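Visitor: What follows is the residue order along each chain.
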Amino acid sequence: MKDSEVVKKLDGAGEDILKQINKGDNPSYELPVRTLGNIYFDTKSKTIKLGDKTSDRQFLNIAHTRKFMQTMLVAAEIKKIIAQKATVSIRDLYYALKHTIEGTEENTFEEQGESDPIIEDIEASLNLLREELHLAASSKGVIVGDMKIKDGKDTIDLNKMGSGGWGVPSNVEPDKIDIKDISAEYVLFIEKDAVWKRFNEDQFWKKNKCIIITGRGQPSRAERRLVQRLNNEFDLPVFALMDADPWGMYIYSVIKQGSISLSYSEEKLATPDTKYIGLTVKDVETFKIPKEVTIKLNNLDVKRLNEMKEYEWFKNKQWQDEFQLMKDKAIKLELEALSKKGIRFITEEYLPQKIKSKDFLP
Amino acid sequence: MAEEKDSNNNKPVVDADQIAKEFKEHSVAEFFKKNKQMLGLYGKIRTLTTVVHEYITNSLDACEEANILPDIEVKIEELGPEYYEVTVSDNGPGLNKETVGKALAQLLAGTKFHRMMQSRGQQGIGASGVTMLAQMTTGKPVKVISGTGKGKPFSLELTIDPKMNQPKMSNVKELDRPFKGLAVQAKLKGIIYRDTEQGPLEYLRRTAIANPHAQIKFADPTGQKFLFKRSANAIPKPPIAVKPHPKGVTVDEIVSFAKATDARKVASFLRNDFDRMGQKSIEEITKKVSFDLNKDPKQLSWEESEEIVKAFKEIDFIAPSADALRPIGEERIHKSLENIVEPEFLHVMTRKPSVYAGGFPFQVEVAIAYGGKSGRTVQGQEGQEKRLEIMRFANRTPLLFDAGTCAITKAVQTIDWKRYDIKDIETSPVTVLVNFISVYVPYTGAGKQAIADEEEVIEEIRLALMQTGRKAGNYISGKRREAEKQAKKKVFLKYATEVAIALNELTGKPVKTIEAKLHEIVLKRLKLEEKQEQKEIAEQNGKAEEEKKEGKGEEGKKEPAKKEEKKKGGKEKKGKSTFEKGGDE
Chain A
124 MKDSEVVKKL
134 DGAGEDILKQ
144 INKGDNPSYE
154 LPVRTLGNIY
164 FDTKSKTIKL
174 GDKTSDRQFL
184 NIAHTRKFMQ
194 TMLVAAEIKK
204 IIAQKATVSI
214 RDLYYALKHT
224 IEGTEENTFE
234 EQGESDPIIE
244 DIEASLNLLR
254 EELHLAASSK
264 GVIVGDMKIK
274 DGKDTIDLNK
284 MGSGGWGVPS
294 NVEPDKIDIK
304 DISAEYVLFI
314 EKDAVWKRFN
324 EDQFWKKNKC
334 IIITGRGQPS
344 RAERRLVQRL
354 NNEFDLPVFA
364 LMDADPWGMY
374 IYSVIKQGSI
384 SLSYSEEKLA
394 TPDTKYIGLT
404 VKDVETFKIP
414 KEVTIKLNNL
424 DVKRLNEMKE
434 YEWFKNKQWQ
444 DEFQLMKDKA
454 IKLELEALSK
464 KGIRFITEEY
474 LPQKIKSKDF
484 LP
Chain B
261 MAEEKDSNNN
271 KPVVDADQIA
281 KEFKEHSVAE
291 FFKKNKQMLG
301 LYGKIRTLTT
311 VVHEYITNSL
321 DACEEANILP
331 DIEVKIEELG
341 PEYYEVTVSD
351 NGPGLNKETV
361 GKALAQLLAG
371 TKFHRMMQSR
381 GQQGIGASGV
391 TMLAQMTTGK
401 PVKVISGTGK
411 GKPFSLELTI
421 DPKMNQPKMS
431 NVKELDRPFK
441 GLAVQAKLKG
451 IIYRDTEQGP
461 LEYLRRTAIA
471 NPHAQIKFAD
481 PTGQKFLFKR
491 SANAIPKPPI
501 AVKPHPKGVT
511 VDEIVSFAKA
521 TDARKVASFL
531 RNDFDRMGQK
541 SIEEITKKVS
551 FDLNKDPKQL
561 SWEESEEIVK
571 AFKEIDFIAP
581 SADALRPIGE
591 ERIHKSLENI
601 VEPEFLHVMT
611 RKPSVYAGGF
621 PFQVEVAIAY
631 GGKSGRTVQG
641 QEGQEKRLEI
651 MRFANRTPLL
661 FDAGTCAITK
671 AVQTIDWKRY
681 DIKDIETSPV
691 TVLVNFISVY
701 VPYTGAGKQA
711 IADEEEVIEE
721 IRLALMQTGR
731 KAGNYISGKR
741 REAEKQAKKK
751 VFLKYATEVA
761 IALNELTGKP
771 VKTIEAKLHE
781 IVLKRLKLEE
791 KQEQKEIAEQ
801 NGKAEEEKKE
811 GKGEEGKKEP
821 AKKEEKKKGG
831 KEKKGKSTFE
841 KGGDE
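Just so you know, the protein sequences line up as chains A and B, in that order. Okay, so the first sequence: first residue is 124 according to this note's numbering, each after it adds one. Okay, so the second sequence: first residue is 261 according to this note's numbering, each after it adds one.
So that you can see chain A by itself, here it is in the shape it has in the complex:
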């Protein structure tokens, strides 16, 4: 969407509020509700989507009034940023807007935790992407593989990135990032940075003709968007390599179907084709991984596991069996634990065998 159209949307929201004010009404701003109660799994796109429940954020409601004020401030600030043709981080935005309200000792925003959700509110209510608002979330992911990237005037060869890899920028939309010369055959999304480093050091991507990427834990939207593009535009299969624990599996679920808080734009972020390559509790048996490197499930793990069992997109036999096995054995397993069987076991035996035998979870 063009900047001018984005600005028009922002102005429109402002005009709407002004109209209410001129009529003497209690000004209010309609927002989609972004909670578990208002999301659903869209079987067509196979992603999480936002439902149609909305709420009114009212100026004359003592519980809403501060957020109402903050929403207006964020909208106005974004307009200014677009006018300056700049892109700023969401932390920049927080500081730009933070000031003491005249005649009080109160700040417009006390912490970034207050402004971040307001940004998401505006994205969701105006149906705009963060990138279209000229805002950038910090990104932390790295990627290497047989492909080239054109970023502005620079062309970057992602197979010549040394041990560090290429840092994924916060905006990977097609108008910023052009992907070309791909000779890789699939994408491997690795949960942990340390494991990614092992795969890079071992030149796994070169030997196995793949692209390896990590979001260093829960990936930010840029890594997810980039992987989605590789999948959509180049038909590359995506495999996820996670810890065999509820947290790792949840990250997989975010990559595949999306998250609750960003449910309004998951169609642009999620990659429903992603497959889960490992680790699984079943692997412990298959690969004869010694018992002593497994970890006992704690109460929180079990709680999380029970919740995930109920997610619609996990309601298939393979996943239910895996969850049940994890519950029965009451163990979890970290990727690094495979080092017990040799430092290169994961890259030279585990993964090739998994891919060869197509031992994936959907």
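Hints are supplied without guarantee of correctness; some may be wrong.
To be verified - In silico EDC-like pairs for lysine to aspartate or glutamate, Cα to Cα no more than 16 Å straight-line: (1) B:750 with A:229; (2) B:754 with A:228; (3) B:769 with A:134; (4) B:304 with B:434; (5) B:772 with A:225; (6) B:547 with B:574; (7) B:750 with A:228; (8) A:303 with A:229; (9) B:489 with B:358; (10) B:784 with A:148; (11) A:167 with A:396; (12) B:357 with B:434; (13) A:450 with A:424; (14) B:777 with A:138; (15) B:748 with A:229; (16) B:777 with A:148; (17) B:633 with B:457; (18) B:754 with A:396; (19) A:190 with A:255; (20) B:410 with B:358; (21) A:463 with A:408; (22) A:146 with B:775; (23) B:547 with B:566; (24) A:203 with A:139; (25) B:519 with B:591; (26) A:142 with B:780; (27) A:146 with B:342; (28) A:142 with B:775; (29) B:750 with A:225; (30) B:449 with B:342; (31) A:405 with A:457; (32) B:304 with B:333; (33) B:769 with A:139; (34) B:646 with B:686; (35) B:633 with B:598; (36) B:787 with A:148; (37) B:754 with A:424; (38) B:777 with A:408; (39) B:769 with A:138; (40) A:132 with A:228.
Don't read these hints as lab results, they were simulated from the structure. Every value quoted in this text rests on a predicted model; they were computed, and no experiment measured them.
Assemble the complex: chain A is given as a structure, and chain B must be docked to it using the hints.
Guide: Chain B only, in chain A's frame:
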């Protein structure tokens, strides 16, 4: 001995016979040392407050008996470490040379002890106790100036002969300057002046509140001067002696009264020694008991006394006479608190007389003050904070010590103040005043600082507090709503400017125009809410009225033995009290 009596609340705290007996066995000084605690002369701060109390009490009583509006001056000077000089002077009748010694330098010489009458100093032990204390701690005599209006005023110095418990006068001089009243000056060691809730200043403040007809000046050891102005010009009517009321009298009391009576027959003993006992009552008792009422009361057995108590319970008597009681009166308390506490809201109530175990008539007066100088000031985390203040009085005398064991404190604590919309009374700027009035106050100890928790007493205080609390609650919750409204308004208005600036960015309309419009909207909304609230309150009050009519409220649950002859005059109007006639105008 006296300490043992503490647990037996139905009885006078000090048994005069026992004291007299002990007097013969020990010297006065020894007795005094042994019983310092009993006299309230212990604790360095408490002792000084007690000294002031004893002198002030004497002055007030003397002035009232002589029908004089009291003007009292108190001065405390620091002479050295834990060494003070206390001077109290009044404009009362003064003492002549014959009585001054007995009044100020002879222990247990008071005349009030055996009378069933409400008065302040009940044991006649205080002022002489101070003389003794001065003598023991500094070796100095008490200086007295007295002017009776007849003959020349005189000054003299007093000590007590500790062996004989006899006053010793010295340095007697006639004065050439005119003086009317009594001035007493004592030098004391081992005491401390503190400006605390239990110190002399607070004691005088409360005395002034309970005695609006008195004017009290005070100079503290730093030279700071305080004046508690008179707010009532009528002197309270002196009390009269009354007999115990038959309702609530205990068996052992009948036995001991019977032993002491001059009557020759039980019938005449009952008729003469009890209140509200007519020939008709005697006839009814005759029918109910198994023995002949012509028998000698000295021969009355425990079982027969039990029968009499049982009969008393079954027969209707007229409620005890309030004539002997001296309530301060609603109007006077009202004026007095307005004068000294300057509250935003005040409600005062004097209950009808009632009776507690032993047939002692009593009466309760309650006031709740909110805002202004109400409440105790404490140093909190964010500067000065207000806390609940309970002002306890027994026959107008402030009770500053032993609050925890006092029936008044217990009554205040057992009220569910939340019911009256007083959310957290402990941290509210509230002063609760309770004056307990009786010819004989059931003190928990000889220090006379706490009222025993007699069931009837607590219940009466509670009823008064509940009724007064409702009035206060209405006011406080109204005020809270107002404060909340103001806070809300402030929040909306402070964000209005920010919103206006942002909308200006988005729409190009001038900030001032948007801001003004937003202000309008805020004010309109708050007005609407106010109307809604008023409607709700009106509905609630309507409901409360209904309940009252149907007798669901606390009022009317408890009635004294029989309806008071006197009609109460006032009715409540819009939270402000109208006053009923106090017994003392």
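Visitor: For every hint, state whether the structure bears it out.
Guide: Hints and how they fare:
1. B:750 with A:229: holds, 12 Å
2. B:754 with A:228: holds, 11 Å
3. B:769 with A:134: Judged against 16 Å, a Cα distance of about 12 Å means the pair holds.
4. B:304 with B:434: violated, 36 Å
5. B:772 with A:225: Holds - the C-alpha atoms of residue 225 (chain A) and residue 772 (chain B) are around 15 Å apart, at most 16 Å.
6. B:547 with B:574: holds, 12 Å
7. B:750 with A:228: holds, 13 Å
8. A:303 with A:229: Violated, at roughly 51 Å.
9. B:489 with B:358: Violated, at about 34 Å.
10. B:784 with A:148: Between residue 784 (chain B) and residue 148 (chain A) the Cα gap is close to 10 Å, so the pair holds against 16 Å.
11. A:167 with A:396: Holds. Residue 167 (chain A) to residue 396 (chain A) sits at ~13 Å (cutoff 16 Å).
12. B:357 with B:434: holds, 11 Å
13. A:450 with A:424: holds, 9 Å
14. B:777 with A:138: holds, 15 Å
15. B:748 with A:229: This hinted pair holds, its Cα atoms lying about 15 Å apart.
16. B:777 with A:148: holds, 10 Å
17. B:633 with B:457: holds, 14 Å
18. B:754 with A:396: violated, 51 Å
19. A:190 with A:255: Not satisfied, since the Cα-Cα distance of roughly 22 Å exceeds 16 Å.
20. B:410 with B:358: holds, 14 Å
21. A:463 with A:408: holds, 15 Å
22. A:146 with B:775: Holds. Residue 146 (chain A) to residue 775 (chain B) sits at ~14 Å (cutoff 16 Å).
23. B:547 with B:566: holds, 15 Å
24. A:203 with A:139: The given pair, whose Cα atoms are some 19 Å apart, is violated under the 16 Å limit.
25. B:519 with B:591: violated, 44 Å
26. A:142 with B:780: Given that 16 Å is the threshold and the Cα spacing comes to 15 Å, the pair holds.
27. A:146 with B:342: violated, 75 Å
28. A:142 with B:775: Holds - the C-alpha atoms of residue 775 (chain B) and residue 142 (chain A) are around 14 Å apart, at most 16 Å.
29. B:750 with A:225: Holds, at roughly 12 Å.
30. B:449 with B:342: holds, 6 Å
31. A:405 with A:457: holds, 13 Å
32. B:304 with B:333: Violated - the C-alpha atoms of residue 333 (chain B) and residue 304 (chain B) are around 22 Å apart, more than 16 Å.
33. B:769 with A:139: holds, 13 Å
34. B:646 with B:686: Given that 16 Å is the threshold and the Cα spacing comes to 9 Å, the pair holds.
35. B:633 with B:598: Holds - the C-alpha atoms of residue 598 (chain B) and residue 633 (chain B) are around 10 Å apart, at most 16 Å.
36. B:787 with A:148: Within the cut-off at roughly 14 Å; holds.
37. B:754 with A:424: violated, 46 Å
38. B:777 with A:408: violated, 72 Å
39. B:769 with A:138: Between residue 769 (chain B) and residue 138 (chain A) the Cα gap is close to 10 Å, so the pair holds against 16 Å.
40. A:132 with A:228: violated, 33 Å
The earlier numbered hints that this structure contradicts are 4, 8, 9, 18, 19, 24, 25, 27, 32, 37, 38, 40.
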